[in-house]
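Peer 1: Take a look at the letters that make up each chain.
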Amino acid sequence: MAEVSPLGNPPLPPPRLERGIVGWVRANLFATRFSGALTVASTLVFGAAAIFGINWMLFNADWSVIATLGGQMVIGQYNTEAACPGQNCFWRPQASLLMVTGILGMAWGVAGGGLPKRIGIGVAVVLAAFALLPYSFERMGMDVRLLLAANIPALGIGWAVARYTPLGTSPRIALSAVVVFAVTLLLLRGIPGIPGLQPVSVLNWGGLTLNLLLAVGGIAFSFPIGIALALGRRSHLPVVKLLCVVFIEVFRGVPLITLLFMSQVLVPLAFPENFPQNSLFRAAIIITLFSSAYMAENIRGGLQALHPGQAEAARALGLPSWQTTLLISLPQAIRNVIPAIVGQFIALFKDTSLVYIIGMLDVVEISRAFIQGNPEYLVSTKELFLFLGLVFWVFTYGMSYVSRRVEENMGVGRR
Amino acid sequence: MEAQETKNGAEDIIICRDVHKWYGSFHALRGITTTIGRAQVVVVFGPSGSGKSTFIRTINRLEEHQRGQIIVDGIELTNDVRNIDAIRRDVGMVFQSFNLFPHLTVMDNITLAPMKVRKMPRDEARQIALDLLERVGITEQSDKYPPQLSGGQQQRVAIARALAMQPNIMLFDEPTSALDPEMIKEVLEVMKELASSGMTMVVVSHEMGFAREVADRMMMFDQGSIVEDGSPEQIFEDPQNDRTKLFLSQIL
Amino acid sequence: MKLPNLTYKGVPVWRHAQVLQWTAQIVSGILVVVLVTWFFANIANAIHDRNIPFGFGFLSREYQTPIGWHLLPYESSDTFLYAFLVAVTNTLFVSLVGVVLATLLGTFIGVARLSGNWIVSKVALVYIEFFRNVPLLVQLFFWFYIVLALPPVREGYVLVDRLYLNNAGLSIPWLAVSSAGSALVWIGLVIAAIVAGLLVHRWLVLREIRIGSAPDPLLVGAATFFVIGAVGWIVIAFSSGTAPFTISIPSPQGAFGRISDGFTMSGGLMALMIGLVMYTASFIAEIVRAGIQSVSRGQIEAARALGLSNARTLRQVTLPQAMKVIIPPLISQFLNLTKNSSLAGAIGFSDLTNVAKTMTQTAPAVSIFLLIMAAYLAMSLTYSLIGNLYNRRINVGRR
Numbered sequence: 001m002a003e004v005s006p007l008g009n010p011p012l013p014p015p016r017l018e019r020g021i022v023g024w025v026r027a028n029l030f031a032t033r034f035s036g037a038l039t040v041a042s043t044l045v046f047g048a049a050a051i052f053g054i055n056w057m058l059f060n061a062d063w064s065v066i067a068t069l070g071g072q073m074v075i076g077q078y079n080t081e082a083a084c085p086g087q088n089c090f091w092r093p094q095a096s097l098l099m100v101t102g103i104l105g106m107a108w109g110v111a112g113g114g115l116p117k118r119i120g121i122g123v124a125v126v127l128a129a130f131a132l133l134p135y136s137f138e139r140m141g142m143d144v145r146l147l148l149a150a151n152i153p154a155l156g157i158g159w160a161v162a163r164y165t166p167l168g169t170s171p172r173i174a175l176s177a178v179v180v181f182a183v184t185l186l187l188l189r190g191i192p193g194i195p196g197l198q199p200v201s202v203l204n205w206g207g208l209t210l211n212l213l214l215a216v217g218g219i220a221f222s223f224p225i226g227i228a229l230a231l232g233r234r235s236h237l238p239v240v241k242l243l244c245v246v247f248i249e250v251f252r253g254v255p256l257i258t259l260l261f262m263s264q265v266l267v268p269l270a271f272p273e274n275f276p277q278n279s280l281f282r283a284a285i286i287i288t289l290f291s292s293a294y295m296a297e298n299i300r301g302g303l304q305a306l307h308p309g310q311a312e313a314a315r316a317l318g319l320p321s322w323q324t325t326l327l328i329s330l331p332q333a334i335r336n337v338i339p340a341i342v343g344q345f346i347a348l349f350k351d352t353s354l355v356y357i358i359g360m361l362d363v364v365e366i367s368r369a370f371i372q373g374n375p376e377y378l379v380s381t382k383e384l385f386l387f388l389g390l391v392f393w394v395f396t397y398g399m400s401y402v403s404r405r406v407e408e409n410m411g412v413g414r415r
Numbered sequence: 001m002e003a004q005e006t007k008n009g010a011e012d013i014i015i016c017r018d019v020h021k022w023y024g025s026f027h028a029l030r031g032i033t034t035t036i037g038r039a040q041v042v043v044v045f046g047p048s049g050s051g052k053s054t055f056i057r058t059i060n061r062l063e064e065h066q067r068g069q070i071i072v073d074g075i076e077l078t079n080d081v082r083n084i085d086a087i088r089r090d091v092g093m094v095f096q097s098f099n100l101f102p103h104l105t106v107m108d109n110i111t112l113a114p115m116k117v118r119k120m121p122r123d124e125a126r127q128i129a130l131d132l133l134e135r136v137g138i139t140e141q142s143d144k145y146p147p148q149l150s151g152g153q154q155q156r157v158a159i160a161r162a163l164a165m166q167p168n169i170m171l172f173d174e175p176t177s178a179l180d181p182e183m184i185k186e187v188l189e190v191m192k193e194l195a196s197s198g199m200t201m202v203v204v205s206h207e208m209g210f211a212r213e214v215a216d217r218m219m220m221f222d223q224g225s226i227v228e229d230g231s232p233e234q235i236f237e238d239p240q241n242d243r244t245k246l247f248l249s250q251i252l
Numbered sequence: 001m002k003l004p005n006l007t008y009k010g011v012p013v014w015r016h017a018q019v020l021q022w023t024a025q026i027v028s029g030i031l032v033v034v035l036v037t038w039f040f041a042n043i044a045n046a047i048h049d050r051n052i053p054f055g056f057g058f059l060s061r062e063y064q065t066p067i068g069w070h071l072l073p074y075e076s077s078d079t080f081l082y083a084f085l086v087a088v089t090n091t092l093f094v095s096l097v098g099v100v101l102a103t104l105l106g107t108f109i110g111v112a113r114l115s116g117n118w119i120v121s122k123v124a125l126v127y128i129e130f131f132r133n134v135p136l137l138v139q140l141f142f143w144f145y146i147v148l149a150l151p152p153v154r155e156g157y158v159l160v161d162r163l164y165l166n167n168a169g170l171s172i173p174w175l176a177v178s179s180a181g182s183a184l185v186w187i188g189l190v191i192a193a194i195v196a197g198l199l200v201h202r203w204l205v206l207r208e209i210r211i212g213s214a215p216d217p218l219l220v221g222a223a224t225f226f227v228i229g230a231v232g233w234i235v236i237a238f239s240s241g242t243a244p245f246t247i248s249i250p251s252p253q254g255a256f257g258r259i260s261d262g263f264t265m266s267g268g269l270m271a272l273m274i275g276l277v278m279y280t281a282s283f284i285a286e287i288v289r290a291g292i293q294s295v296s297r298g299q300i301e302a303a304r305a306l307g308l309s310n311a312r313t314l315r316q317v318t319l320p321q322a323m324k325v326i327i328p329p330l331i332s333q334f335l336n337l338t339k340n341s342s343l344a345g346a347i348g349f350s351d352l353t354n355v356a357k358t359m360t361q362t363a364p365a366v367s368i369f370l371l372i373m374a375a376y377l378a379m380s381l382t383y384s385l386i387g388n389l390y391n392r393r394i395n396v397g398r399r
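Chains as they are written, first to last, in my numbering: chain Z, 1 to 415; chain V, 1 to 252; chain S, 1 to 399.
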């Protein structure tokens, strides 16, 4: 006979050992004998490593090399007498930075809070904080520090612009960002004949600025090119398909550094001798094309995963095929492969460090060149490259963090 | 086979003459000749792989026929891109797997084609969509995304989406096969209402109750041919073809 | 029934779907052909007009340039062609060794990431997030410095008189050929032993299926291989008087204590290998984790319900299914590792790209580009081919 409880039994809390910190520790650190042994062993090993690492970082490491390189890591040789004779060019990249902060402020204004707000405030505060570091007082002029501190008002202005002017919609912000990118390029390059805007050869661009410019430009162009290649590879037209396949496979089959190196010798031959071109522009194009070949494969994966009924339904509704692709297939395909696409953006950003092969002084190459030119700093190489790794990590991890958040927000409406 | 008398003697809206379709070497449609009159409700049935789905998909040219002639609402289906676009605007289709666009809200699913293809102003399209949602019995869900709805609700949205283009002909490709039993009824109710409003409908379905109640005409497909064509009474009471008899005995 | 012959009549050409498609094809085809022709015609013209050297005659000339580290024996007096082969071998060596090590490390970290133990799982996460988010070049420079900071040769670390680690690299004992003839015979025997081992394994597996019980096929197969190999060795050693291979132990020589004999990995190669393996392992770990997670919980529960042990479930249910998800992206990581080895030049290792770059100073650059393109494409295509073959095999059972 079963024991019957006509009123039902009341709920009881779980046993003490499965609750609270004790329960968590039991479940996650000592679940089995093997797990317990692992916990003890790994605590000893990684604990010792952590203590050693922190001790080294705080007391033994010599971080002065970073201070010595300082602004060169950010803008390379841009503001040297050779690049910008007879005047001070520091304000140009800084003005660009203010515009970027303004864009972040606009994004915050439209979103009204959340992630854009935190990113915007974070960036502006970190930049402004540089103006207040004791280090900056020694090395930067008042003007430089003022322009850095101005990032906070720039953020506010951007926010206000989005709130109180018709510019406050997402497409218009995207357009503003494109304009800011173009203005930045123009500002850094300079315009002949305008005082204060003397041209600076792009070959003198450098530092982290160069990495970021190449990455932003590469992302902006490789995305649409990648989409076009992916669509081409799925085309019913054999000629188009073949061409896209060959393009994609050749660019994916050869290392980027080899392509960059080849572009410097081969591409100039294809143009008349006096045709205006420069190595940075060629490198930017190669990086973009290289990245779009990978992008195409990611997007193709997304398109392949789509149910064929989606395109059929759109065609049955009378949508012409280009609208079916644009409105139905692509948005779903891209949404499905956001992690892969962002992974490719990150890869592209990391790959910008390969421009050393064409003699550009990006943030990695300028550091390496500095060590080579100043052997007394050879012992600080590990500090320098550890720091560089951290700088790249902040950007790349930030990108993947933002993409994960965006994906979560788009969770509604997915299958 | 001779074309059937059309309902009330009205004009033929779909004319098929000796339509053939091959997938590679597989002969899927083997000379389909038939006409369907305006406002007729035709239920097409038959074993799987018999060509019934292929048949209705050639009517709006989701599949291209390789031989023969199809004329829909006075427009011949040829390689003329203008004709193909015109036909698709004129013929609505409902799929077995709904095929709603998961990245668009219910409202956007319905208004997309009227706005993009018919160039209808947004407000007008939304008004039509709201009317249609009321007609199919889903008024509260217009801002939800399709995956948030039940199967029956999704299929009714799909019907509303097809109707929003104000088609003259509606094609249904097994509209209830992917649904749970309790949801089949709500979709069939909507289809019955549509039939009584005078819509020309070609329905691939094995819902024999629906066929008996609503259809003007039934067609049995087998191995790429129409093997029997008649009124529901005739098909159910006195099937002429042994294959029809056998098939009906298996599903009834 | 008589059919009126109306079909396809009266469709204007500009609205005919097939005509439109074909026009699009032909136009795009012509466009690209014109573009490509223009590009290469310009290069051809430039080669002609600006007297840029071109041709492959240089391949039989002496290269006359040292190659820092080489797996194959190399002298400066060797030809360009042979030097190019040496460089390709270097890249292949890095690729193959790197792929094996990265797969081992990556699998280990991927499994650790899934561990129920919180500390192990988090340490794996930190590893993955750090190493895959920092440019390989930065990592290579870091490791290169660590290697350079090792003590000089005479003060280097020595382990049990066999391993030498210093800023010139790592030297380990290795096989040395004592007589080419007997070595070749023995290698032939080893290949035969592998084939025999596989055949025995296959035969025993089939027998096990037929009869139901048999000696462990894996064990007996492996034993077959070892016995044939060992017996062959002994027979060759006795009949010719010398063993096919001897073990060469590294030792310091001369006034500067240079390490000779054994197998020496140069500092650049060591840094390259450490960097490539740690970088690629972080990607492989994610692939392995995703692969194992892709096997649905129901599969594991079903295996448990059938009474399979934990280990058997992993070996017979989880892994075979996870492999389908893991292998394709894994192969593309192998390819990435191979291509990433082209960064070797930055830390002074003589890989294919680096040697080719040096060659362009004394040989026609355009010709050299064609050669490296061909070499890399051949490697890529080989890896893709393996991937495609595997895909085809595992997709047989689907649907």
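Treat each hint with caution, since some may be false.
[Unchecked claim] Pairwise CB distance ranges, derived in the manner of DEER restraints: (1) S:Leu314 / Z:Met410: 46 to 54 Å; (2) Z:Ala369 / S:Phe108: 36 to 44 Å; (3) Z:Leu175 / S:Leu385: 52 to 60 Å; (4) Z:Phe59 / S:Phe263: 34 to 42 Å; (5) S:Ile47 / V:Glu64: 46 to 54 Å.
Quick caveat, the hints were computed from the structure, so don't treat them as lab data. For clarity, every value in this text was computed on a predicted model and none was experimentally measured. Idealized CB from N, CA, C, for every residue including glycine.
Peer 1: Each of the hints needs a verdict: does it hold here or not?
Peer 2: Verification of the supplied hints:
1. S:Leu314 / Z:Met410: 46 to 54 Å: Check failed, 35 Å falls outside 46 to 54 Å.
2. Z:Ala369 / S:Phe108: 36 to 44 Å: Once the Cβ atoms are compared, 37 Å apart, the range 36 to 44 Å for Phe108 of chain S and Ala369 of chain Z holds.
3. Z:Leu175 / S:Leu385: 52 to 60 Å: violated, 46 Å
4. Z:Phe59 / S:Phe263: 34 to 42 Å: holds, 39 Å
5. S:Ile47 / V:Glu64: 46 to 54 Å: holds, 50 Å
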